[in-house]
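Undergrad: Protein chains in written order, with the numbering used here: chain X, 212 to 370; chain Y, 250 to 416.
Worth double-checking, as some hints may not be accurate.
Facing chain X, according to a computed beta carbon distance under 7 Å, are these residues of chain Y, among others [what the hints assert, rightly or not]:
#: 1; residue: Ser319
#: 2; residue: Lys321
#: 3; residue: His363
What the hints contain is simulated information worked out from the structure, not anything from laboratory work. Predicted model only: the values in this text are computed from it and were never measured. We put the CB at the ideal spot given by N, CA and C, even for glycine.
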Amino acid sequence: MSTNKAALYDKGPQVAVQGNFGDLEIVSVDTSRWEAKFRARTASGTFGPEFTTRLSMIRPLSDEDTGKFWKMLVDNLMRVLKEEGKYPSFVKGYEVTTGEDSTGDPALYVEILVSPQREYAAKTVDSWRNFLDLVHSRLLSLRLQRYPYVRVGEKSRRK
Amino acid sequence: MGFAQDLLEQSQFLVRREPGKPKQASLRRAVSTAYYAVFHLLAWEAANQATPTSPSGLTVRVTRSLEHNSMKRAAQQFESGNLPDAIKPLVSSSVPAVLIEAARNFILLQDERHAADYDLTRAFSRARAQTAVDAAARVLANWNAIRDTDDARTFLAALIFPKLASR
Numbered sequence: 212m213s214t215n216k217a218a219l220y221d222k223g224p225q226v227a228v229q230g231n232f233g234d235l236e237i238v239s240v241d242t243s244r245w246e247a248k249f250r251a252r253t254a255s256g257t258f259g260p261e262f263t264t265r266l267s268m269i270r271p272l273s274d275e276d277t278g279k280f281w282k283m284l285v286d287n288l289m290r291v292l293k294e295e296g297k298y299p300s301f302v303k304g305y306e307v308t309t310g311e312d313s314t315g316d317p318a319l320y321v322e323i324l325v326s327p328q329r330e331y332a333a334k335t336v337d338s339w340r341n342f343l344d345l346v347h348s349r350l351l352s353l354r355l356q357r358y359p360y361v362r363v364g365e366k367s368r369r370k
Numbered sequence: 250m251g252f253a254q255d256l257l258e259q260s261q262f263l264v265r266r267e268p269g270k271p272k273q274a275s276l277r278r279a280v281s282t283a284y285y286a287v288f289h290l291l292a293w294e295a296a297n298q299a300t301p302t303s304p305s306g307l308t309v310r311v312t313r314s315l316e317h318n319s320m321k322r323a324a325q326q327f328e329s330g331n332l333p334d335a336i337k338p339l340v341s342s343s344v345p346a347v348l349i350e351a352a353r354n355f356i357l358l359q360d361e362r363h364a365a366d367y368d369l370t371r372a373f374s375r376a377r378a379q380t381a382v383d384a385a386a387r388v389l390a391n392w393n394a395i396r397d398t399d400d401a402r403t404f405l406a407a408l409i410f411p412k413l414a415s416r
């Protein structure tokens, strides 16, 4: 029986594979469709095929659970809210971090940044509250494996 | 609700104590006190519902047995609507928005309280503290509207009996 040496030594198609052969990276997040696209990437820049994952399936501390992924998720949600005309002018930015909450459960923290003032009227705090609740509800509806904590921060006090 | 209301008033005072540059101690104590206003409201209501009037002092001792962690988990189930089978038949098909908000604010305040008391790596802003105090005020202001509903009674039972809320 003859051996096809070309088949043995040929490099074959150059495709990245997750694990030893490539790191996973986030491609896109679509909160309207409750899904995210990932792909593997090698150090030399070779990409593997994209695959789609439900947002609710992304486990804490898994390869998909990166700061970049969560930032893209919140970016996408904020873009959707802007398109719906529900993104208020008092929002001067937002910060996204992950960690553990006070009971050690996985958490997603979204800090909505507003302009600092000497004091805040009840009406102002109410309008913040409405937006915080909206963002929180949208995140909660995605059934993420990190519980979303949405709070207010002051922009100029940030480093 | 007297003690809870007193705590809320203290937190409202502290968050506005220094009109110019607020002291971190004032803001952090305001947030912590706001959480405990809600905690003691719910703990007292839950214990009061679960214990007889005699012997006197039993209700207070039951409130001491409540665990913040298991209360949070029960609140999360009510907030998300993802209730265990043991509880599902006991609540209405659409839990009142006020009860969902109370559950949500309890969860958020618990985490804010922890940050206010222990995490000194980042300064607490007045905006953040005021939002927390406002959240507690909303829970106390709206509680009377729902406290006599079956949904609220089941929520209180889940807070005090962790196994009721476990799957």
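Undergrad: Under 7 Å is the threshold here; is the Cβ of Ser319/Y close enough to any Cβ of chain X for the hint to stand?
TA: 9 Å, violated
Undergrad: Are Lys321/Y and chain X close enough, Cβ to Cβ, to be under 7 Å, as the hint says?
TA: 6 Å, holds
Undergrad: Is the interface hint satisfied for His363/Y? The criterion is a beta-carbon contact with chain X at less than 7 Å.
TA: 3 Å, holds
Violation of the numbered hints given earlier is confined to hint 1; every other hint is satisfied by the structure.
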